[in-house]
Amino acid sequence: MNDAELINQILNGNMNAFTFLVNRYQKLVVHIVGRLIQRHDELEDICQDVFLKVYQNLGKYRNECKLSTWIATIAYNTSINYLRKFKKGDVVDLDDSVALRNLTDYKTDDFEKADLHRYIREQIENLPVQYRTVLTLFHLEEFSYQEIEQITGMPEGTVKSYLFRAKALLKEKLKFVVNETSMLNSPWLR
Amino acid sequence: MKNEELDQIIEKSFKAEPVFRLSADFAQKVSFSIIRREQWKTDLHEYLYLTGVLLSLLIVVSGFYYFVDKAFVLQAFLFVSKHIIPVTLIVFLLNFIFFADRVLLRLLFSRWNRN
Numbered sequence: 001m002n003d004a005e006l007i008n009q010i011l012n013g014n015m016n017a018f019t020f021l022v023n024r025y026q027k028l029v030v031h032i033v034g035r036l037i038q039r040h041d042e043l044e045d046i047c048q049d050v051f052l053k054v055y056q057n058l059g060k061y062r063n064e065c066k067l068s069t070w071i072a073t074i075a076y077n078t079s080i081n082y083l084r085k086f087k088k089g090d091v092v093d094l095d096d097s098v099a100l101r102n103l104t105d106y107k108t109d110d111f112e113k114a115d116l117h118r119y120i121r122e123q124i125e126n127l128p129v130q131y132r133t134v135l136t137l138f139h140l141e142e143f144s145y146q147e148i149e150q151i152t153g154m155p156e157g158t159v160k161s162y163l164f165r166a167k168a169l170l171k172e173k174l175k176f177v178v179n180e181t182s183m184l185n186s187p188w189l190r
Numbered sequence: 001m002k003n004e005e006l007d008q009i010i011e012k013s014f015k016a017e018p019v020f021r022l023s024a025d026f027a028q029k030v031s032f033s034i035i036r037r038e039q040w041k042t043d044l045h046e047y048l049y050l051t052g053v054l055l056s057l058l059i060v061v062s063g064f065y066y067f068v069d070k071a072f073v074l075q076a077f078l079f080v081s082k083h084i085i086p087v088t089l090i091v092f093l094l095n096f097i098f099f100a101d102r103v104l105l106r107l108l109f110s111r112w113n114r115n
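Going down the list, the protein sequences come from chains A and B.
Residue numbers for the first sequence, in this note's numbering: 1 to 190.
Residue numbers for the second sequence, in this note's numbering: 1 to 115.
Some hints here could point you the wrong way.
Said to hold, decoys possible - Rough simulated footprint, nothing fancy, chain B against chain A, three-plus residues with beta-carbon under 8 Å:
{"no.": "1", "segment": "3-11"}
{"no.": "2", "segment": "26-35"}
{"no.": "3", "segment": "148-162"}
{"no.": "4", "segment": "166-174"}
Treat the hints as calculated values from the structure; they're not laboratory data.
Idealized CB from N, CA, C, for every residue including glycine.
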């Protein structure tokens, strides 16, 4: 069933169709909300709130963008409103030095044992909220720059800049891994 | 070369799914919660509509009866104004019973059924 048919079914009062829509898009919503709010205890309630808004506003949805983009916009706005209410200090520092300090050091001694992927994933969670947002939308959900602009309201140039800076921050923390250890035979590349 | 490898690892990590999970019956929970909200809204509208109809009927009947038996209506009005507190309490109680029957009990039953 495509999105247009699904929307028609829901607007005609078919709740099974809505359950189907939730199943289809819950991964997208949980990724965005989870990455932004970073609170497991509130995650389900906020995701529920997102789908409630989707249901209430579905009649207003026009085919100007993909349904996934529209749902992602609602998820993003709901999460940002939650952060504004409860975590006021979580903003991007323009010189990145604060963000860099928030990242924990990667110990080169443990290089052989540690899971580099896990380390990077942990550090993503320590990045400022705008960086986490664009990383999730671009890499995980594979939205285009234009779609991310629609979802977040950030200009395309800013999105590109955040993506570049997020990667640069992580590379900064990992630069001595690259310099000191040969990665050709490392297990993470296999 | 090493730098490219690190880029690869970082890109791969960016695409890795985060650990956030929802309960297996999340979609059913959301649908049920929406059904319950919609039901609550419908019940409340129905209650307000019926209360309005009853109130209008009372006013219309009193108005008509005023022309048939003016003295009785004035006497009834005087009685109500003299015993305003007990009359208000009885009206409030009857209204609450009606509200509980049309809205509250239905809401509670739907919650119990879910649990």
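Hint by hint, here is what the structure shows:
{"no.": "1", "hint": "3-11", "result": "violated (count 0)"}
{"no.": "2", "hint": "26-35", "result": "holds (count 6)"}
{"no.": "3", "hint": "148-162", "result": "violated (count 0)"}
{"no.": "4", "hint": "166-174", "result": "holds (count 4)"}
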